[in-house]
Structures are given as C-alpha cells and as structure tokens.
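Could you slot chain X onto chain V? The hints should help.
If you're matching them up, the sequences are chains V and X in order.
Counting with our numbering, you get residues 1 to 114 for the letters of the first sequence.
Counting with our numbering, you get residues 1 to 113 for the letters of the second sequence.
Be aware that one or more of the hints could be misleading.
As a list, the in silico DSSO-like pairs of lysine-lysine whose alpha-carbon atoms are at most 27 Å apart [unchecked claim]:
hint, chain 1, residue 1, chain 2, residue 2
1, V, 102, X, 70
2, V, 102, V, 57
3, V, 102, X, 56
4, X, 36, V, 102
Non-contacting residues of chain V with respect to chain X, defined by C-beta distances greater than 10 Å in every case (computed) [said to hold, decoys possible]:
hint, residue
5, 7
6, 8
7, 11
8, 14
9, 64
10, 67
11, 84
Keep in mind that the hints were calculated from the coordinates and are not lab data.
Since this is a predicted model, take the numbers as computed values, not measurements.
Ideal Cβ positions, reconstructed from N, Cα and C, are used throughout, including at glycine.
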Amino acid sequence: KAGVTQTPRYLIKTRGQQVTLSCSPISGHRSVSWYQQTPGQGLQFLFEYFSETQRNKGNFPGRFSGRQFSNSRSEMNVSTLELGDSALYLCASSLAMSTNEKLFFGSGTQLSVL
Amino acid sequence: GEDVEQSLFLSVREGDSSVINCTYTDSSSTYLYWYKQEPGAGLQLLTYIFSNMDMKQDQRLTVLLNKKDKHLSLRIADTQTGDSAIYFCAEFSIYNQGGKLIFGQGTELSVKP
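In isolation and in its complexed conformation, chain V is listed as follows (with noise of 0.2 Å):
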C-alpha cells in the first residue's frame, strides 16, 4: 500500500505571491490534516479534512486556505506570502481521525520564501 504521497517535495517563492501543495492520502483513508513545522514554533495544527469538508481549523489567518477532493487527495494553499510562512509542511491522512486511530505522515513539502 503507497503512503501518503506530498508534491512538490521543494519549492522557493517570493514575497506576495501564492502557491499550492498537494497530498495523496493513503488508499481508504478518509482524513487528511496539514501541520506546519518551523524551527521557533515546532509543529502546528493548521487544518483537518474530511469527506470533503474542514472540520477543524488551527490559528492561522485566512491566508492559509484548503479543499478536499471526493477522492480524498487535499490541496493546501498560502496566498500573499511572508517570510515566516517558510516551513516545512507536513501532510497526514487517518481513516477518520476518530480517536483511536494512527496518523500516518508523508514527507513533507519544504517551503522557502525569499
């Protein structure tokens, strides 16, 4: 069984812009959720998905935005980028995210912003 499968697995942006990053759960699973990992703030709750619909939001501001598809593959996107959205962003999928579940974690999209 594939894991969880995040693209791109680099990316370099500047000041205002916007950009996408993409994860592929694992087959079956249900739930997607989006932590940010910096070095000052370690790793953050962002946003979880399920069934298409977000269900839990983190203390991020809205620049920080997401979707699910009805296949279950989520998009996450930053809009007008800032030189402390550089993190490494970390996707991860569950069947439901119910509380007795794993959490299985891809690799990452390591983000920089100049």
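Same frame as chain V, now just chain X:
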C-alpha cells in the same frame, strides 16, 4: 490548555538505553503517540499507547504512561547510531467530531559510537 513538553536534547552511547520523557496537560487525551523524524524527512509513527494502559512494549521500544502525573516516556533499548533523530511525543485532542495532534517540541537524540 493544551501543552506537551519534552526535553530538547539527549546524548547516549551506542548500546546503552535511551529514555525520552514527555509531559502533557490534556486529561481527556485518549491516545498518546511517539514519532521519529530523521533529517529532511517527515514523521514516522513509532508507537502509541491508549490512556488506560500503563505500559506497551514493541521490540526495542517500551512506552510507559503515568496518567496521574500526565507523564509519558519512551525507552529505546540497545540504542544504535541509526536511532539518531528527533523524537516527538503527541497527544490526541478531540475536537469537532475529529481531532488534532498536539506535539511536543521534540527531543534530539544523539547516539555516539
């Protein structure tokens, strides 16, 4: 509030045991997890424990949970150089019919030959 704390660094000799500690605050947490992250990689799920358990063993890994003190530890027996990585503990926080993981800052384990 939700908070997970870990010590930042641990250095051991190859062949010794490593013990990584973690404290958490959410008393409603049902599952607690340990993840491993190698340089330039994502998070690898190592093991997890349900909150009504005291201990779980999985090959070289032993997880101990003291629910009263909200203290979690990961013991790695016979630590190898390949175990050098950052280890994160995380608690599952129930939220709006789903949930999220609250992570500690990560403990960087350095294994010296």
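Verification of the hints:
A C-alpha spacing of about 21 Å is found between residue 102 of chain V and residue 70 of chain X, which places the hinted pair at or below 27 Å, so the restraint holds. Pair hint residue 102 of chain V plus residue 57 of chain V holds up; C-alpha atoms about 20 Å apart against a cutoff of 27 Å. At roughly 15 Å between alpha-carbon atoms, residue 102 of chain V and residue 56 of chain X fall within 27 Å of each other, so this suggested pair holds. With a C-alpha separation of about 14 Å, the suggested pairing of residue 36 of chain X with residue 102 of chain V holds against the 27 Å cut-off.
Residue-level check passed: residue 7 of chain V sits 13 Å from the nearest beta carbon of chain X, beyond 10 Å. Its beta-carbon lying about 14 Å from the closest one in chain X, residue 8 of chain V satisfies the requirement of being farther than 10 Å from that chain. With a least beta-carbon separation of about 15 Å from chain X, residue 11 of chain V lies farther than 10 Å from that chain, consistent with its non-interface assignment. Chain X leaves residue 14 of chain V outside its interface by the beta-carbon criterion, the shortest separation being 23 Å against a cut-off of 10 Å.
At roughly 15 Å, the least C-beta separation between residue 64 of chain V and chain X is larger than 10 Å, which holds for a residue marked as non-interface. At roughly 16 Å from the closest C-beta of chain X, the C-beta of residue 67 of chain V stays outside 10 Å, upholding its exclusion from the interface. For residue 84 of chain V, the non-interface assignment is confirmed: its Cβ lies about 18 Å from the closest Cβ of chain X, beyond the 10 Å cut-off.
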